[in-house]
Amino acid sequence: MVVKQIVELVEGKVLIGASNLDFRVKAAFGSDLMSDVLAFAETEAVLLTGLINNQVIRTAEMLDLKAIVFVRGKVPGNDVIELAKENDIVLISTEMTMYKTSGVLYSHGLKGISEE
Amino acid sequence: MESISFNEEGSLMKLEFDVLKEDFSRAGEASSKIKKVLMQLGIDSKIIRRIAIATYEAEINVAIHSEGGKIFVLVKDNKIEVLIEDVGPGIEDVEQAMKEGYTTATQIARDMGFGAGMGLPNMKRCSDEFFIESKVEEYTKVKLVMNL
Numbered sequence: 073m074v075v076k077q078i079v080e081l082v083e084g085k086v087l088i089g090a091s092n093l094d095f096r097v098k099a100a101f102g103s104d105l106m107s108d109v110l111a112f113a114e115t116e117a118v119l120l121t122g123l124i125n126n127q128v129i130r131t132a133e134m135l136d137l138k139a140i141v142f143v144r145g146k147v148p149g150n151d152v153i154e155l156a157k158e159n160d161i162v163l164i165s166t167e168m169t170m171y172k173t174s175g176v177l178y179s180h181g182l183k184g185i186s187e188e
Numbered sequence: 016m017e018s019i020s021f022n023e024e025g026s027l028m029k030l031e032f033d034v035l036k037e038d039f040s041r042a043g044e045a046s047s048k049i050k051k052v053l054m055q056l057g058i059d060s061k062i063i064r065r066i067a068i069a070t071y072e073a074e075i076n077v078a079i080h081s082e083g084g085k086i087f088v089l090v091k092d093n094k095i096e097v098l099i100e101d102v103g104p105g106i107e108d109v110e111q112a113m114k115e116g117y118t119t120a121t122q123i124a125r126d127m128g129f130g131a132g133m134g135l136p137n138m139k140r141c142s143d144e145f146f147i148e149s150k151v152e153e154y155t156k157v158k159l160v161m162n163l
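Chains as they are written, first to last, in the numbering used here: chain A, 73 to 188; chain B, 16 to 163.
The following block holds chain A by itself, in its conformation from the complex (with noise of 0.2 Å):
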């Protein structure tokens, strides 16, 4: 799924990023648990969560992965902002749950890691 579209049907806001939407991401994968993220992710996966401190960028870093959506109206501070600006990772905030972005993703066809 191309990340604009992502944007789109998670009713997004692009906090960095903006000017490049255009690539695909191939799964998703929904965490507030680090450690699970760095175990079970995958790259060229879209990552959902709620956490919004620096170390979430960091792990997005060591595992290639490009996106961001930050659930449940979370936005994190400048400082992550710029830590991933700094890292070309693209930062997303929706007002919906983890639930419902999961669901809304799921049924436009992004599937979970190695479902594909």
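Just so you know, these hints were derived from the structure itself, not from any lab. Just so you know, not all the hints are guaranteed correct.
Calculated pairs, PhoX-like style, for lysine-lysine (alpha carbon to alpha carbon, straight line, at most 20 Å) [what the hints assert, rightly or not]: (1) B:K51 <-> B:K94; (2) B:K61 <-> A:K98; (3) B:K51 <-> A:K157; (4) B:K48 <-> B:K85; (5) A:K157 <-> B:K48.
To be clear about the criterion: a stretch of chain A counts as covered by chain B if any three or more of its residues have a C-beta under 8 Å from a C-beta of chain B, and this derived list gives those stretches [to be verified]: (6) 75-83; (7) 99-106; (8) 123-130; (9) 163-169.
Quick reminder that beta carbons are idealized off the backbone N, C-alpha and C, glycines included.
Dock chain B against chain A, hints included.
Frame of chain A, contents of chain B only:
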């Protein structure tokens, strides 16, 4: 038991980083720098990913659980070795610590999203060789080897 150590012979490059106790604003910086250096060296991206995950988990462990420590990376012809050593409480039961889901993470760490108890298992899974050694109330050392 033979103590974990580095053999620097044959190494093309050595990197060294400090990790500070509970400094979560900076934790992850070392792993990030290591990843960028390895990318510049043209190392296979799948191997870089495994190294990145393992060193990041180790770096976070040092920040969460110890009084501070160091990460060393040795780049050799046919492998990359990562040695993480810290000063601190050590690990009382290593076998238990290696179990998925087992954690002794502090509240501060859990609030950051850590403490899922996957750190050591992730590190082992990502490396071709994994060594761990600890002395209670003194230190913990982990050595990872990734073949190129």
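Results for each hint:
Note on K51 of chain B and K94 of chain B: the hinted pairing holds, with a Cα-Cα distance of about 17 Å set against a maximum of 20 Å. With a CA separation close to 17 Å, the supplied pair K61 of chain B and K98 of chain A stays within the 20 Å bound. With a C-alpha separation of about 16 Å, the suggested pairing of K51 of chain B with K157 of chain A holds against the 20 Å cut-off. Of the supplied pair hints, the one linking K48 of chain B and K85 of chain B holds, its CA atoms being roughly 14 Å apart against a limit of 20 Å.
For a cut-off of 20 Å, the pair hint linking K157 of chain A to K48 of chain B stands: about 16 Å separates their Cα positions. Against chain B, the stretch 75-83 of chain A contributes 0 residues with a C-beta closer than 8 Å to a partner C-beta. That does not satisfy the three-residue criterion, and the hint is violated. For a cut-off of 8 Å, the count of residues in the stretch 99-106 of chain A with a CB near a CB of chain B stands at 3, and the three-residue condition holds. Proximity of the stretch 123-130 of chain A to chain B, defined as three or more residues with a beta carbon under 8 Å from a beta carbon of that chain, is established by the 6 residues found.
Proximity of the stretch 163-169 of chain A to chain B, defined as three or more residues with a beta carbon under 8 Å from a beta carbon of that chain, is not established by the 0 residues found.
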